[in-house]
Every structure is written in C-alpha cells, then in structure tokens.
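Residue numbers for the sequence shown follow this note's numbering, beginning at 1 and rising by one.
These are computed hints drawn from the structure, not numbers from a lab. Ideal Cβ positions, reconstructed from N, Cα and C, are used throughout, including at glycine. There could be a bad hint or two in this list.
[Stated by the list, open to error] Result set (EDC-like, lysine to aspartate or glutamate): computed pairs, CA atoms no more than 20 Å apart in a straight line:
#1 K100 <-> E116
#2 K100 <-> D31
#3 K100 <-> E41
[Unchecked claim] Derived Cβ-Cβ restraints for the label pairs, each shown as a range:
#4 V5 <-> V37: 37 to 43 Å
#5 L25 <-> P117: 21 to 27 Å
#6 L4 <-> W114: 35 to 41 Å
#7 V5 <-> P36: 40 to 46 Å
#8 T113 <-> V28: 24 to 30 Å
#9 A9 <-> S108: 46 to 52 Å
#10 P29 <-> V125: 16 to 22 Å
#11 S136 <-> A9: 19 to 25 Å
#12 V84 <-> A109: 15 to 21 Å
#13 V3 <-> V37: 20 to 26 Å
#14 F118 <-> P8: 38 to 44 Å
#15 L139 <-> G39: 39 to 45 Å
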Amino acid sequence: MGVLVAWPARRWLVALAATAVFVLLVAVPTDLVDTPVFGREIPPTWWAWPALLVSSLLGGLLTATYVRAPSQPDRASSRRGGWVGGLLTYFAVGCPVCNKLVLLALGSAGAITWFEPFQPVLQGVAVLVLLWALRSRLLGELSCPTTESGVLARA
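Build the full structure now, drawing on both the sequences and the hints.
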C-alpha cells in the first residue's frame, strides 16, 4: 500500500478516470444505468452496484499502474489478466436471461436455474483476479529492474 501513497497526481487522475469509464462500460449495457438502448428482463440484484463499484475501483487502480511515473525507469510491463476480472464482472452483474452467450449455452431455464445463482461466485472470482493483477503490478514497482548486461556479467 505504500506504493499507492507515493503515486503522482497524474496516476491518481488516470485511476479516477478509468474507474468512471469501467463503471459506464459495464453499467450501461447491463442496464444498471437505465437507458433507452438497453433493457433487463430480471431486475438487478442488491449486490450488483457494490460489486461493480469494487471491481471498477480495482480496475481503475490497475489501469493507473500502466502510467509510468516520471521517476520510474521504463521497464517491460507485465500484463496479468486484469481484463479477465472486468469480463467476469460484466457477466456477474448482467441480466442472466439478457446475455446471448448464456442463453445459447444454457437456454432461458438454464440461465435462471444455473447461471443466476452462480453470478455471485463469478463476481467473487472477478475481484480476486483484479486484486491479484493489481498486487502483481504494485509488487513489480517495488522490485529492482535488471538489465541484460547485469545478467550477463553474473553468468
């Protein structure tokens, strides 16, 4: 967590903007935000908004780790599955019978019987994946960079 405290303002602005974009990218098509373009057959669960906000915050922080701080050397970045957490959140908070992939795979009865009760598990996995990806990125900021010459010199 000490790494986050040392972040420059630029990173915090990117985290805030990415969080807002994440909320909109998931909330609009899943009809958590009511629009005339998208609709839901089944109303959202009580946990959909808190789950979306947690995932959005983690996604925003994760996105900000890709912004290089001025004091940081340019290093190869690890890309560790943050997109998986976002995709799982989309499926977790969405309407189970409005999702075409779920309907094709399970049918409408299967979507309600099997997929809807499984959505909280998907959200839990999404948060864990986002936490893991964020932790991996933040630990990478604490590690010392290696150079090819340094590796060859020791060999």
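Name the hints, by number, that the structure is in violation of. 12, 13
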